Amino acid sequence: MSTIAFPYLLADKPETFFFPPKASTFAAENDFFYMALFYIALFFFLLIVVGMIVFVIKYRQRPGYEGDPRPLHNNALEITWTVIPTLIVCWIFARGVYGYMEMMRAPAETIDINVEARKWNWLFEYPNGARDPVLHIPNDKAIRLRMRSVDVLHCLYVPAFRCKTDVVPGRVTQLWFQPIREGTFDIFCAEYCGDQHSEMLTKVVVHSQEDYEAWLAEAVKPPIAPVAHGQWLYERMGCKSCHSLEPNKVVVGPSFNGSYGKSFRDSKGQDVSFDANYVRESVLAPQAVMRPEFVKASQMPSFQGKLKENEITAITAFLQALEDGNISDEEMNAVPAAESTENTTGEGETDSAAQAAEQVSGN
Amino acid sequence: MSHEHTSAHGAGHHGDGHGGHGDHGHLPFLAHHFDDPEQQFDSGKLGIWIFLVTEVLFFSGMFCAYSLYRSRNPEVFMFASQFLNEALGAFNTCVLLFSSLTMAWGVRCAQLRQKNGLVLCLALTLGCAAIFLGVKAVEYTHKWDIGLLPAGSYLAQPEVPVHHEGLSPWLINLSIVPGILLVAFAVWLVITFVKGDKRMSEIAGTLLATAACYFLGVFVGLKFQEAEASSSAHAAHEISVEHDGDTGSHEAGVTADEHAQGQPAESATSESANDHVSGTTGTEAPLKEIEAHLVSLDAPKVVPGAPLDAMVNQKGGAGLFFSIYYCMTGVHALHIIGGMVVMVWLLVRATKDQFHEQYFGPVDYVGLYWHLVDLIWIYLFPLLYLIK
Amino acid sequence: MSAVAESPTHSHSQVTENYLFNTKGFLSWALTLDHKRIGLMYLVGVMSSFLVGGLLALLIRAELFTPGELFLNNKQFNQVFTLHGAVMVFLFIIPSVPAALGNFLVPVMLGAKDVAFPRLNLCSFYLWVGGAIFFLCALFYTGLDTGWTFYTPYSSSSEFGTMGPVVWATMGVFILGFSSIFTGLNFIVTINTMRPPGMAWFKMPLFLWATYSTSIIQVLATPVLGITVLLLAAERVLKIGIFDPHLNGDPVTYQHFFWFYSHPAVYIMILPGMGIISELMSVHSHKSIFGYRFIAYSSVAIAIFGFLVWGHHMFTAGMAEVTTVVFSALTFSVSIPSAIKVFNWLATMYKGTVYLNTPMCYALNFLFLFTIGGLTGLWLGALSTDRALHDTYFVVAHFHYVMMGGTLVAFVGGLFHWWPKMTGKMFNDLWGKISCLLVFIGFNMTFLPQFVLGSRGMPRRYARYLEEFQVLHQISTAGAFVLGAGLFVALGVLIHSLMRGRRAPNNPWGAATLEWQCTSPPPFYNFASAPSVTDPYDYLPLKYISEEEGWVYISPTKSTDPQAHPEIAKS
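Residue numbers (the numbering used here), protein chains in the order written: chain A, 1 to 363; chain B, 1001 to 1388; chain C, 2001 to 2571.
Keep in mind the hints are simulated off the structure, nothing from the lab.
Check before you lean on any hint, since a few could be wrong.
[To be verified] Between beta-carbon pairs, the in silico distance windows are:
{"hint": "1", "chain 1": "C", "residue 1": "2069", "chain 2": "A", "residue 2": "328", "range": "21 to 31 angstroms"}
{"hint": "2", "chain 1": "C", "residue 1": "2071", "chain 2": "A", "residue 2": "291", "range": "21 to 31 angstroms"}
{"hint": "3", "chain 1": "B", "residue 1": "1068", "chain 2": "A", "residue 2": "144", "range": "21 to 31 angstroms"}
{"hint": "4", "chain 1": "A", "residue 1": "46", "chain 2": "C", "residue 2": "2026", "range": "46 to 56 angstroms"}
{"hint": "5", "chain 1": "C", "residue 1": "2554", "chain 2": "A", "residue 2": "82", "range": "32 to 42 angstroms"}
{"hint": "6", "chain 1": "B", "residue 1": "1184", "chain 2": "A", "residue 2": "291", "range": "47 to 57 angstroms"}
[Claimed, not checked] Once the Cα atoms are required to be at most 25 angstroms apart in a straight line, the calculated PhoX-like pairs of lysine-lysine come out as:
{"hint": "7", "chain 1": "C", "residue 1": "2543", "chain 2": "C", "residue 2": "2351"}
{"hint": "8", "chain 1": "C", "residue 1": "2543", "chain 2": "A", "residue 2": "58"}
{"hint": "9", "chain 1": "A", "residue 1": "58", "chain 2": "C", "residue 2": "2351"}
[Claimed, not checked] One side only, chain C facing chain A, incomplete, derived with CB under 7 angstroms:
{"hint": "10", "residue": "2074"}
{"hint": "11", "residue": "2332"}
{"hint": "12", "residue": "2378"}
Fair warning: this is a prediction, and the values are worked out from it, not measured in the lab.
For every residue, glycine included, the Cβ atom is placed at its ideal position computed from N, Cα and C.
If we strip away everything but chain A, and leave its shape as in the complex, we get (with noise of 0.2 angstroms):
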């Protein structure tokens, strides 16, 4: 399965001075007018402080001048410097205009790829039903977002790609784009979003075509192994945005680290102990036993309906390998004895994808 390995470039280190890489059809209109502007606004800005140096050097006091303080006046002069800016002006309307409307009408035939924004991450969903926390577009072909917010405001930008939209909630906002070239690039939250805003970031992967498709066809496939399915699905339904996998450390509820297993004090009072039936039920119902600590915080959706007992099993087998602290590969692909006789390529797969999961988050 080498073939997927990603194309990683160093990810968006900037080309030139003021860009980072040119890696969508908008980055061409953009960078030409970007620069188009800053030599207008040079010239300007030159004519300006020029003109204030010389007059001020000029007509400083000094012995032996002497200034006219007689008002000056010419109307001439005020009409030129209206209507040349307004010229100029009107031309970077237009221009602006123009590729504007390119940005906002997406070509009849797009792949449409659906986002979930939440805090603090992305959720990609692809056609064919795949779910990931990364972006991943074939080259050359026009993609289309459609957006939704979970919670608050959030805004999808690609720095590479030369442009972004808010994700609205209650609203689907929508962004189009045709990558150029195969490499990884940046995507940024740019609407202030929270605590971890600056860490809302993600990546986008251009694959060529057959790549793409490639990844497509894996990345429906959950692994075998039920500690690696548990670590797929945290990262994919939503419980990494608010439960963390470093010790102690609390995002919104409690970190997953080392908590299987203990047993605490609920909000009523009561003694739980955390073991795989309190891991379904946390699942199903999240507000039935809380610790005192979240009640306030928990905004935690039933997952009822959305997560298959399998599921659920394989989430509480990674929150059991993670009991200790730390998963080792052969926790990780560790996959019960009547299962693994059957797949042997899987194995493989199922690691690379961990791999990349990891690859990914460690960014």
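We have chain A already, so just place chains B and C on it with the hints.
Below, chains B and C without anything else, positioned relative to chain A:
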């Protein structure tokens, strides 16, 4: 200060076109930094007009919100405005219009130096304002009783008839402050009467009458409400018939009930958002449905309207209407209370006989403010109560 | 003639009538109706707010020295930048020039005794104090982290609890809004009804034109902010749902409401700064202003256009295409009057006599920085480049160049210019210029790299950033400390002048506007009689008299020194 006067007099001799500079000492009502009464009056007049502009813009925010949400959800507004009592609204409109008349009359009295006329006019205006608030209190509390609350806490079940024995506890709570004021003013009146302070007892009497007017308003409001209630069974039936069709009445009640109680709007929306495939169309679908129902409103018999009521009669529907209703009328009521406070100040000054031909600015300014408050109600009444 | 006659009476009148000392005691200040004292109290207030906001800015820049966590965690960082923005916008920039300098100058420039409503003026000061206290408590004790824009639904989400910081802060903003409205109302009425005979509209100093335009915006836009924050508070307390998508409300509506005020508010910030620069350029070039009417009209034009461009804050928020295009067109229309002003200021120096003293250095500094700020607006107004640059550091740099390079530098320049009039003391000009140079270097070092950061894709309001942005961030941080040092030097110069400064002459700069015709500092009644009005930019009859260390009217027909006249007549 003495220096200012001497130098001002000195300046007067220069005759630089600033007549009246030396007159400061003779006009106690003229502030030191103004040249003459005209300048003072003009400044005040311009000032109050600008203030009124800011008031209009202040309300314009809410009028914008009203038109935005009305254009987005017309059916919600049609549905929800039925719960507003037009008779009470109309009565309040008349009361406010009459108070504008008395206020304008008061300005005339001030200009003509008719002290007693001015005091009477101010008292009448205050009384009308209090009646308005009394009626409003009845309207509000009735709605709170049946759960017609702002979106977040909206839990109306219009099909469940509301019986409340005696007075609503909300109404009693709202009437505590006016009640205390009533007693306090009565005591004050007795004290001043015993002391023989005629001016003070005039003020205390007016305030007592104002507080009493609030309870008059409450009384009138309750009478109207009773009259409404006597035909309420009939009216409620009409409402349900209008929207539910002949058979759907009971069903609608159940659906609405479930919606309001069992399934809060939040969870409904977030669920549909989580549902990934239909998520994108999730928000569009209900809109389409509503549009379909809108069309059906013209021909109610073709499509049963029950789902529409259920859709409209929830937090994000009628609840939003009541949010806007409470914001607009609430802020308006605050302006009425503000106006009353200023009028009491005018009343005190009027009893001191401070207003006359040359100095009636404050009465004029408050009058303008009062007309604006009245005018805003003239817009609120049809927009909220009448337009179906 | 008048110069010689004036000298003996001068020191006497200064002690007894000087507005600073004519009455004594805490209450004589706390309950004063004198616009000059109110202006001075405002000045102390806004300067303290600026100190708070500035220190917070340094905190932000220091934290951003490294890509990872240095000493603020994410939550703290978000609170600090929220606090910085809110304090700077609501407590410093908006009231700085209009309320502090404007209160002092408007009546004196008009030759009036006071503003039209002195009690309202005092009330508006106390509203400001109350709002500020409310606001700061809300921010400091409850950890507001919504950004100064309070965007819903983040600000209305439940995690702050019902009576959370948002409610406190919005109430603070509401109260501050009233203060702003009353100040604006007062100035409009004052300028309309209290101009002395002979001062036609086009004989007013340009600072008054700018103040008048500003006041119109304050009066028309602030009520909308008032209702917006009121609705936001109601949203949190009563859950009215107008802005809450879960209750079928719409968060973008909030943005429209908010920016309907807050974009004109940008002009509340910059217009008075432009007014100051118009005065400074003319006075210190000793040259009548070039294109008076064009500058005056452009102020009004900016005020009007300013109301029509709020949508450019939402170019990426999913507005309809037509709306977006129209807002872009309107946005560009604002750039023209600003350009006209810049060219006219430049032309004012032509054939004048440029005195390179501290206020003039600040004015030139303004011209440089504001030009950059204005020109970079072109990138953001153009729709296609804005889609790349929106909400990046490019925007941060742009508005700091306009607001800080523009308003703050003009404010400091204006403060140096009118300081002798306000306090009666001259400051050390050399150190003033050094502060100006430090501000210039520090400012450009801080914000020029941010343009590049933005075009390379660094989003704003980020507590952490990718390593490739580090070098530019470090230059920026270093610059911020130079800038801070420059401003501290300026503060030091002013404070030093209070203790050790020479007594200021009546007219140290040779200005022709009316405020320079009364003593420094002015008597509590400003003018004994309405001064005779001359062209505010006619410098011909002014001559420098070295014994006075200031400028005096020499032409006998123009001799209008208000003190000299009655006293001479009497003696």
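Status of each hint after checking the structure:
1. A hinted range of 21 to 31 angstroms for the beta carbons of residue 2069 of chain C and residue 328 of chain A is consistent with their spacing of about 29 angstroms.
2. For residue 2071 of chain C and residue 291 of chain A, the hinted distance range of 21 to 31 angstroms is satisfied, since their beta carbons lie about 30 angstroms from each other.
3. Roughly 28 angstroms separates the CB atoms of residue 1068 of chain B and residue 144 of chain A, a value that falls within the hinted 21 to 31 angstroms.
4. Distance hint check: the CB atoms of residue 46 of chain A and residue 2026 of chain C are about 54 angstroms apart, consistent with the given range 46 to 56 angstroms.
5. Checked against the hint of 32 to 42 angstroms, the pair residue 2554 of chain C and residue 82 of chain A passes, with Cβ atoms roughly 38 angstroms apart.
6. Distance hint check: the CB atoms of residue 1184 of chain B and residue 291 of chain A are about 52 angstroms apart, consistent with the given range 47 to 57 angstroms.
7. Annotation: proposed proximity of residue 2543 of chain C to residue 2351 of chain C holds, straight-line Cα distance about 18 angstroms (limit 25 angstroms).
8. A C-alpha spacing of about 22 angstroms is found between residue 2543 of chain C and residue 58 of chain A, which places the hinted pair at or below 25 angstroms, so the restraint holds.
9. Taking the CA atoms of residue 58 of chain A and residue 2351 of chain C, the gap is about 8 angstroms. The hint holds against a cut of 25 angstroms.
10. Proximity of residue 2074 of chain C to chain A holds as hinted, the smallest CB-CB distance being about 5 angstroms (cut-off 7 angstroms).
11. For residue 2332 of chain C, the interface hint holds, the least distance from its beta-carbon to any beta-carbon of chain A being 5 angstroms, beneath 7 angstroms.
12. The closest approach between the C-beta of residue 2378 of chain C and any C-beta of chain A is roughly 5 angstroms, which is under the 7 angstroms cut-off, so the hint is satisfied.
Figure legend: structure checked against the earlier numbered hints; every hint is met.
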